[in-house]
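J.: Sequence:
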Amino acid sequence: MMGGLAQHGRAEEVIQLFQEMKREGLKPNKVTYTCLLSACRHAGLVDLGWSLFESMEIQPEMDHFISMVHMLAGGGKFEEAEEFIQRCPPEHRKPLWLTYLVACKNLEEWVRGANVANKMMTVGLPTEPLVMQVKEEFIWIKASVKTMVQEV
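Start counting the sequence shown at 1; every next residue gets the next number (the UniProt record's numbering).
Treat each hint with caution, since some may be false.
What the hints assert, rightly or not - Pair ranges (Cβ atoms, derived):
hint: 1; residue 1: G25; residue 2: E79; range: 15 to 25 Å
hint: 2; residue 1: S51; residue 2: G76; range: 16 to 26 Å
hint: 3; residue 1: T122; residue 2: R23; range: 18 to 28 Å
hint: 4; residue 1: K22; residue 2: K105; range: 36 to 46 Å
hint: 5; residue 1: Q59; residue 2: G3; range: 37 to 47 Å
hint: 6; residue 1: G25; residue 2: D63; range: 18 to 28 Å
hint: 7; residue 1: Q7; residue 2: K27; range: 22 to 32 Å
hint: 8; residue 1: H8; residue 2: N106; range: 43 to 53 Å
hint: 9; residue 1: E79; residue 2: T122; range: 14 to 24 Å
These are calculated hints, taken from the structure and not from any lab test.
All residues carry an ideal CB built from backbone N, CA and C; glycine is no exception.
Let the sequences and hints guide you as you build the complete structure.
T.: Laid out in structure tokens, this is it:
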């Protein structure tokens, strides 16, 4: 139920269900927290999402880390998202950086995306098509701006 509500942007109802579960003595599991973080992400409730993540009563898993990166970067908090990724376990970082790149692409943060793509290639992370695409789009935009400046 929480998952469906979260996907349809009904964050307040998801949070109410969570609070009701806690009052009834039910222990939230990984799916519960994934739904909560997803609801916060869809509703733009970054501070609440942070608070819920930090108070999780279970060990965070990949879905939780990805939800946090989506929420932070999608909310324009790119520096916080980068810091968050750096604090995550190393084995989780590649998918998190790819999630971050998707946000850069969606929000047209080409310079930021190109910098991360370069960083990923420098440290030897496999160059997924998305990494190359973001880097190429930045190069194309940079060339277009340079041409426009020369024409003026």
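J.: All hints, please: hold or fail.
T.: Tested hints:
1. Here the CB-CB span from G25 to E79 is close to 39 Å, at odds with the stated 15 to 25 Å.
2. Checked against the given bound of 16 to 26 Å, the beta carbons of S51 and G76, roughly 19 Å apart, stay inside it.
3. As the Cβ distance of T122 to R23 is approximately 50 Å, the hint placing it in 18 to 28 Å is violated.
4. In this structure the supplied range 36 to 46 Å holds for K22 paired with K105, their Cβ-Cβ distance being about 37 Å.
5. Evaluation of the 37 to 47 Å hint for Q59 and G3 yields a failure: the beta carbon distance comes to about 20 Å.
6. Under the hint 18 to 28 Å, the C-beta atoms of G25 and D63, about 25 Å apart, fit the expected range.
7. Q7 and K27 have their C-beta atoms about 23 Å apart, which keeps the hinted 22 to 32 Å range intact.
8. The supplied range of 43 to 53 Å is broken by H8 and N106, whose beta-carbon atoms lie about 20 Å from each other.
9. Take E79 and T122: their Cβ atoms lie about 19 Å apart, and the range 14 to 24 Å holds.
Hint check: violations occur at hints 1, 3, 5, 8; the rest are consistent with the structure.
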